[in-house]
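Given the coordinates of chain P, assemble chains G and V with the ligands onto it according to the supplied hints.
Residue numbers (our numbering), protein chains in the order written: chain P, 1337 to 1651; chain G, 17 to 363; chain V, 2 to 279.
Bear in mind the hints are in silico, worked out from the structure with no lab data behind them.
Being a predicted model, the structure only gives us computed values, none of them experimental.
Be aware that a few hints might be false.
[As the list claims (entries may be wrong)] Lysine-lysine pairs mimicking DSS-like chemistry, simulated, CA-CA at most 27 Å apart:
id : chain 1 : residue 1 : chain 2 : residue 2
1  : P       : Lys-1443  : G       : Lys-97
2  : G       : Lys-97    : V       : Lys-229
3  : G       : Lys-228   : P       : Lys-1443
4  : P       : Lys-1467  : G       : Lys-54
5  : G       : Lys-202   : G       : Lys-213
6  : G       : Lys-218   : P       : Lys-1467
7  : G       : Lys-218   : G       : Lys-240
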Amino acid sequence: MFIEKLKEAVRKILPEVDVVIGYRQGFDPLHATPYFLDKPEQVDQLIWNPLCVQNLCSYIPFLKGKVGVIVKGCDSRAIVQYMQEKLITRENIKVIGVPCLRVISVKKVMAAINQQTVQEVTFEGDNIIVKIPEGPKTIPSADVAPRKCATCQLATPLQYDVLAGEAIQSNKPQDTFEETKEFEKLSLEERRAYWEKEFDRCIRCYACRNACPMCICQDKCIAESRDPHWTSQRANVTEKAMFHMIHGLHLAGRCISCEECERVCPMDIPVAKIKKKISMDLKELFGYEAGMNPDDTPPMYTFKVEEATIEEHEI
Amino acid sequence: MADTGFLPKENLPALLEALSKKFAVFAPVLDGEVVLFKRFAPGATLCLTRPANLPPKGIIFPQSETLFNFNFKKDPEDPKKTSLELKENLDFVPTIIFGSRPCDAQGFRIYDRVYLETDTADPYYKGRREKTTIITLACNAPSPGCFCTSVGRGPAESDGSDLMMTELGKGYFFEPMTEKGKEIFKDSLFEDGSAYKEQAQKAHERVSALVKKPFAILEGTPEKLLSLFENSQFWEGETAKCISCGACTYLCPTCYCFNITDEQVGNSGERIRSWDACMFFHFTLEASSHNPRQNKHQRLKNRVGHKFSYYPKKYQGVIACCGCGRCIRYCPMSVDISEIVAHAQGA
Amino acid sequence: MSSIHNPYLPEIGTVIKIIDETPNIKSFQVVLNNPEKMKNFTFEPGQVGQLSLFGVGESTFVINSPPTRMDYLQFSVMKAGEVTSALHELAEGDQIGVRAPLGNWFPYAQMKGKQILFIGGGIGLAPLRTLILFMLDQRADYGDITIIYGARTPNDLCYKDELKEWEERSDVNMILTVDNEFPGWDKRVGLVPNVLKEVAPSPENTVAITCGPPIMIKFTLQALSELKFKDDQIITTLEKRMKCGIGICGRCNIGTMYVCKDGPVFSLTQLNELPAEL
Ligand code: SF4
Ligand code: SF4
Ligand code: SF4
Ligand code: SF4
Ligand code: FES
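If we strip away everything but chain P, and leave its shape as in the complex, we get (with noise of 0.2 Å):
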């Protein structure tokens, strides 16, 4: 069983770190929580599976001490991605990998069982098996996997000090951002639309701010600061979208695509969107992924008179 190897990496690991971050059930069979733990026999609580969704990642930046953390493929790239950034001192960290073909968004899961109680939870094969009380529903995984698992590269963590299970192969087609291109072929008027409808729901609970784990600095955000005072407290369309753009501008070449922004949202507002949209800009414009190479510098970081990628326009 895969579980009892991730336990017997967990173990291993406990006795040089301080915490390790893990997943146990939570308050139904559908929610994973994170688990912080610190003694070996808390280490049974440890579970597995394809909704053990939270990127872990997003908490070592406030950590002192050793940390060990279960890290997928996705999350993965947010510890290349603090290292770029100097966010974390590497060797504190031990990284327990699992590799991972796809998780479940619990959404669209409660979305195909119209949003009842969950009784019982089973994976078999490709499915996911929802027990509510008319009877267990049977539903394909690849149909409520969230949209990053579609086109995801990374089945094997890119950094880990222990991989727990074997290395395998990504079977996914490259991201080529389709739906991002697809999407931009709407008119201005269209696009302008679509978000003043989505922000509209938008509670500013910054969940997906919280959630993120490059949005550091997010006690000193701006969106609630009066220093400087860029957006104020009104809960209007315009202040909620300057918020979303800002979020996703101090983004830029630093968001790692894991979508916890998006997979958070209580008000199921498709926030990654905007995040893409700016990852593929910063890939065409400088050829930089965020979160592959810790060697990479991300290029809102530096300067260069002339981009070997960006055209210059004579003045």
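Here is chains G and V with the ligands on its own, set in the frame of chain P:
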């Protein structure tokens, strides 16, 4: 007129349309996968099968509202002299919240003690509250995370509602709880409901039994939480996974904290009141940069403490959590307030 | 039109006088523009007010003039954040918003006939000032009055004219101190809590009222307990970030207590019952 009523399902839109003529009617509608209270318009698709993601608290306590406008006026005789004009914003319209859940209505009861039952009543809350009639739908199944029966409420709790409705097969059974409720109830669309009373009662009991019970009793919990106040190890452990966002507070029907800020353009501006949350670092940050709740465990401790200890100590034992489960259901990290309370009870 | 009182709506007042107390503290004397309201304005010593600069915001200050002198309301402002910095830019004649009085007050009725010991540091003299002047205006009601007041340097002492007056009075025992030696300073040198220990006032039939920076308070409370003051003989005022000022907005609580409404004045006995979250 009968004490209770029955409304066949197909007559529901007609009722809402009739009410819309006299009131601003807010009802739960589907927006993508999210259920939100919106101004009812004929043809809107109601979603009455589950509680709204966001409780209707914003209808009485908007996420952001203007307390007053201010205006600096230059004296035409002496432009150096300016006078100042303030204009309060206290006009409220008769409103109906249709299809709230018992926990949503309970939320307003939690507010009432703080906003109304004080010598400095809040005129904005009071104005809207008094003009609002709350029509509540008893739940016919608990949602994931619900635990209302453990905090002294239940899926058919009527306190806080003006008119209760229960879904029974082909229609809804209605029971007015207040004078305001009786007013609505006068509408001729209602049939006599007396034949359904018992059936409704049975439905309430059935659903009540389905709600999960994370803890059996709450006796002694306020004191227990206070005694744990300085046990930072306990709180750090319980809150390690919290990311200190505002989802739990903004979605909570009983969380009532706010911020006041000024905005000005040119010679005029407004003082705004907007939702705020004790989970945010900025909430208690002082100008000196001292922050009494510097760490997230202190902040989540305040949230749990406020609901399960401070508020009940202040208000005759009433728990300021109605068990709606929203903070559990939508927490990005699946922090479970009922689990924290249960752990505290056992600590 | 609203029939009920709107506790969020400030009264408009005029700043009639600004006094530079120290390099970063200014006092503002404010008169409400509506003469009727000014005439009927009442408050108790220790109560606070919210000053509004429209467009910037509000901030809380104690009314440090006494209720026995109602020509104006005085507030002293130390420059720290957005609102206080903007207040420092005001000129005499400028308009300002006032929401007052808010909060509780010093239990002066219970202090009658007792010896009074004031211990203040820096701007912490502001809340004491209202009570000192109030007591001096009704001098016969109280026993000995001792004031121990200190600041970092002589320049940082507030209300310098009054300090001189109080020093000259025979019915006030005024003790001034600064943290370090300073050219031209011939009075005591030393931190307030240490000076308090040197002076060693008797706790017999005495009430100690203290206000100052948190670190001073901490050691002052220790010193008072060494001098055998009991907790219910010690009174202090607390500060928190405030918004509504009426116990609703939720940010100034310590456990069940809202500093804006249940405070700012607390006895040490009351403070000890509160959770430790200062
Ligand atoms: S998580 Fe969603 S609702 Fe909350 S601030 Fe972000 S976009 Fe808005
Ligand atoms: S408990 Fe959950 S919803 Fe609340 S602040 Fe923490 S992470 Fe956010
Ligand atoms: S604390 Fe959570 S469960 Fe309780 S009322 Fe608020 S959102 Fe609902
Ligand atoms: S829990 Fe926090 S945000 Fe909610 S009402 Fe209490 S103090 Fe306010
Ligand atoms: S300042 Fe709002 S509750 Fe105290």
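Results of checking the hints against the structure:
no.	hint	result
1	P:Lys-1443 x G:Lys-97	violated (59 Å)
2	G:Lys-97 x V:Lys-229	violated (57 Å)
3	G:Lys-228 x P:Lys-1443	holds (22 Å)
4	P:Lys-1467 x G:Lys-54	violated (32 Å)
5	G:Lys-202 x G:Lys-213	holds (18 Å)
6	G:Lys-218 x P:Lys-1467	holds (26 Å)
7	G:Lys-218 x G:Lys-240	violated (36 Å)
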